[in-house]
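Below, each chain spelled out in residue letters.
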Amino acid sequence: MEIISPEGLRIDGRRPEEIRRFNCRLGVLSRADGSAYLEQGNTKALASINGPHQAGDKAKIKHDRVHINFQYSMATFSTNERRNRPKGDKRSIDISQLMREIFQSAILTDLYPKSQIDIHVQILQADGGNYSACINAATLALMDAGVPMKDFICSCTASLVDSKTIIDVNNSEELHFSNPLLTLAILPTSEEIILCQMKSRLHADHLEDILKAGIKGCKDIYEIMHREVLNHVREAAAVMNAT
Amino acid sequence: MAAEVGNPVIPGQRLGSIDQFSAGLGTYVRQRHIYASLVGYKDIISQAGQLPKIQIKTGNVSCNLPTIGKVVTAKVLNVNPRFCRVLIICIGTTPLKEPFKGTIRKEDIRATEKDKVDMYNCFKPGDAVLAEVISLGDPRSYYLSTAKNELGVIFAKSTAGHPMVPISWTEMQCPHTEKIELRKVAGIKYWTDS
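So the protein lines, in turn, are chains A and B.
My numbering numbers the first residue of the first sequence as 2 and each following residue consecutively.
My numbering numbers the first residue of the second sequence as 318 and each following residue consecutively.
Check before you lean on any hint, since a few could be wrong.
[Unchecked claim] Label-pair distances were calculated between CB atoms; the ranges are:
id	chain 1	residue 1	chain 2	residue 2	range
1	B	P416	A	I94	26 to 32 Å
2	B	G409	A	K220	39 to 45 Å
3	A	K61	B	P412	48 to 54 Å
4	A	S179	B	N381	32 to 38 Å
5	A	R16	B	D336	27 to 33 Å
6	A	K59	B	A477	48 to 54 Å
7	A	S106	B	K465	38 to 44 Å
8	B	Q337	A	K200	43 to 49 Å
9	B	S485	A	R101	33 to 39 Å
[Said to hold, decoys possible] Heads up, simulated DSSO-like pairs for lysine-lysine below, C-alpha to C-alpha not over 30 Å straight-line:
id	chain 1	residue 1	chain 2	residue 2
10	B	K433	B	K423
11	B	K423	B	K387
12	A	K220	B	K414
13	A	K151	B	K423
14	B	K414	A	K88
15	A	K61	A	K165
16	A	K61	A	K151
17	B	K374	B	K423
18	B	K496	A	K59
19	B	K392	B	K418
20	A	K59	A	K91
21	B	K392	A	K61
22	B	K433	B	K496
23	B	K418	A	K61
24	A	K91	A	K200
25	A	K61	B	K387
26	B	K423	A	K61
27	B	K370	A	K61
28	A	K61	A	K91
29	A	K59	B	K370
30	B	K474	A	K151
31	A	K63	B	K433
32	B	K370	A	K151
33	B	K433	B	K359
34	A	K59	B	K387
35	B	K433	B	K414
36	A	K63	B	K496
37	B	K441	A	K59
38	B	K387	B	K474
39	A	K151	A	K213
40	B	K418	B	K370
Simulated from the structure, these hints should not be mistaken for lab results.
Yeah, the Cβ is synthetic: ideal placement off N, Cα and C, and Gly gets one too.
All chains, full assembly: derive it from the sequences and hints.
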């Protein structure tokens, strides 16, 4: 199966440097302090924030900054084959650890010493770019919760097929193991890269192209997230003024 | 929240230079510029003799934590001869979504004659207490103090179950049974508007 057809289109009809349909909503859960639902193509993620609150685990309390408790899970029905363990497997734990470090670099952690922020992200449907969806959903939920952050964190994946870069890779494209897969997360205003993860091998000559494409993808996603957050604030303000 | 003017701001948005403004709530400084760290509306407060302060106004108050010097309302959970455990339910005038645990040690109850304090003559479980946060304490709880005239028990029920009336600095009386119980009473007449 060819990933890019002779006409220059991908399996799902996108152009190589085009992101998937991106839909998001803030404040979807009423019991959480902040929440967000996000769809990146067929990948769907739900994030919720609790806190800052008094830390539960005494061993993890830090006297000068907040402890971030990140839990990544994939619903049992999220993949083609039913998953037996939605969370707690080695990969989920690894991802949670990675995500914690990512968010520590963007949240102003020193404002809330001795407390804890819980971030729970569940992938409801996995169709490639799960880490990206997870990061984007968590960012939106943090905005909704009013947790102070340096900047948004926007994430996107990129790959290289026959010397052509493609972005926002979906599951069927991800399954070609010979293709490299780059997961990138940036702070869009300063263009600081805070996550750069590569699966499979890539020739160094192509690194610059693929990075450039990935950053462009992140910025495209930022535009949409940015607009959605502003809409959400305006709506909230309108409701407040009306009452 | 009053009627909002202008556009909302988002984290990472540059608000101005530190030569023109000072950074307030919801902002941070990087490379001599002030950036927003919250989603909300920009609010500029002019201060006499100082640079105007930029802060971000949000409709969200979930990020409220007890800090040193704040007066909190707490409910007494249990009392023992050395300290009592309380649940902080309100900071200033804002109720908390989720309570924090606190401790009032015996030596922090009164400002004078600290060594003569008897815990059981000061608080009983179920009392509502006004106290000040004096330290972030140990990992488990915040340390609170009632060693000021305006701090102490503000609401207590008698053993008969009726709300009691304060009759002196140390006593409260049940209006039904007229039984007098001992408490560290908050001096309401010392309350100020702050």
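* **Hints that the structure is at odds with (numbers, increasing)** => 3, 4, 5, 6, 9, 12, 13, 15, 17, 18, 27, 29, 30, 31, 33, 35, 36, 40
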